[in-house]
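In the order they appear, the protein sequences are chains C and H. So for the first sequence, this note's numbering puts the first residue at 1; every next one is plus one. So for the second sequence, this note's numbering puts the first residue at 1001; every next one is plus one.
Keep in mind that the hints were calculated from the coordinates and are not lab data. Glycine included, every Cβ here is placed at the ideal spot set by N, Cα and C. Please note: incorrect hints may appear among the correct ones.
[What the hints assert, rightly or not] Not close to chain H: a few residues of chain C, all C-beta gaps over 12 Å, as computed: (1) T5; (2) P40; (3) L231; (4) R232; (5) R312.
[Stated by the list, open to error] Chain H stretches covered by chain C per the calculated footprint, using a threshold of three residues with CB under 8 Å from any CB of chain C: (6) 1088-1100; (7) 1103-1116.
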Amino acid sequence: MSTSTVAAAWRSLTGRRLAALAALVALVAAAFVIDLGTGPARLAPGEVVAALLGGAGDPVTEAIVRSIRLPMAILGLLVGFALGLSGAVVQTVLANPLASPYTLGLAGAAGFGAALAIVLDPPLPMAAEARTALCAFLFAALAAALLLLLGRLRDGRPETLVLAGLAILFLFQAMLSLLQYLATPEALSQIVFWLFGSLARANGTKNAILAAILALALPALMRLAWRLAALRLGEERAAALGARPRALRLEALAWVSAATASAVAFAGTIGFVGLVAPHLARALVGEDQRYLLPVAGLCGALFLLTASTASRAIVPGSILPIGILTALVGVPFLLGLVLRRGRGGLS
Amino acid sequence: MIRVEDLTVTLGGRPVLRGVTLAVEAGEIVALLGPNGAGKSTLLRAIAGLVPARGRIRLGPDGEHARLAFMPQESSAPRGLSVLEVVLLGRLERLGFVVGAVDLEAARRALAAVGLEDLAARPVAELSGGQRQMVYLAQTLAADPRIVLLDEPLAALDLRHQLEVAALVRRLVGERGLACLVVLHDLNVAARMADRLALLHEGRILAAGPPEAMLRPRHLATLYGVEAAFLEGPDGAPVVLPLRPIGQAACAGPPAGTAAALRG
């Protein structure tokens, strides 16, 4: 009897989590197709799929889907996944349900980097757009390096990292404000638009870079899954179990920084995805990080693709900045979590 | 078995342990007693290899390194982890990405040892404090250790659960021949649960030996700075009745007749 009780419990836990994972993959696929069908020319899901597979027959539809909308949808998928995954890891390693990938100041640094590129217009042999992305990435990477260095020098505890992240955030925000103050009106409007976040800057190269970074980061983080789960039992117990919390924290944050820095460099600061997606994922699959990490990524992708569809559907013929929409959806969700606090909403 | 010789630990420039020498044999429970800040938890952490220490620590017979499990006092319970997952995490160092049959069977045996097999699928956050402590005990057993270090396993438990957990540890140590070093605060529980008591005072072992030899007025005066009455319990083990801090009048002494009632 006893063997079957425990084995059956494990089978049922595993089954539930795999079912949630499969359902999310299906939902993300559906959101992806719907997103591709939304815009000035509305396309039915069947037409989208046919155009993707190359058998649409109509070259205009194929061009709209493949050349115009596909890069944006892929960027939305990748950025959403990166932010959701990063958010789950950051919340775990900082033991803070209100943390997000931006808590560490990386987005602030990326924003400053982008603004610097826009204002200085450095003579690099590449398109202005690519320069902005590169500069944003470099500053985000710089901030990440600074954060990890501080974490290594000091005790590497969550409070230290949060405070260091806050310091980095305020530093770059102040420098960004200074740039905005000094910028010409044209540059200022470009900076503001960049900061809103947008998927419209998508192209094949960016998508390939982000996909490659995620292809490295996801397996690397999955390898840490059991140690991250141990960290949920508290610092002391995790150490007693052999999880080596300090080293774990810095290694996980290094991967998260790479994913977040590239996501922000390519799409700007799209808020709330990295905060909300992990909570949704936790409600679905719990704290077994082997499931939580990919599910948080999928929740992020689903959230961002839906917001992207809405950004084009709300005002027909125009695209609202996606960052505004994720915040509009994210705020009520966040308030819901706060109201449920103590009943398990925030744990 | 555990052999600790001349162990010194300095944390943040402050000496916490100053030349501790202590042995725990297989099948034996040694209770570590001492006031707050004496270095009890630090000693467990040092033996578990979690804080840098000078001196010699030998775990297991010559040339062997026996498997050790350390149960810290922390007992937070996150939502979203089931009892089974928490117990499996006890095997963290051997756990593959996909959980194998060996790991599941070890977790099952550990849960069976504490009698909580039926709760395997339950979220650990929904359990009572006593059940949760049993789950963490199962986690400690899941790696099949030869040495267990327990930091206040009875803290925050009600009387019944204290007795249950103490009896369970006693039984497991006997059955499996574990070497168990346990930090306790309750002298009377320690006198019944442990084979020997080790008194830790300001980072040094003041004395170590059987309970009846350790629970003496002068030891309690040095260790805790208290005056106490000593009685013989119905089970033959000493009963300690703390009376007052030395040099102060008792703020609320035991009501008259308590000692007589205990004797009767």
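_Could you work out which of the previously given hints the structure breaks and list their numbers from low to high?_
1, 3, 4
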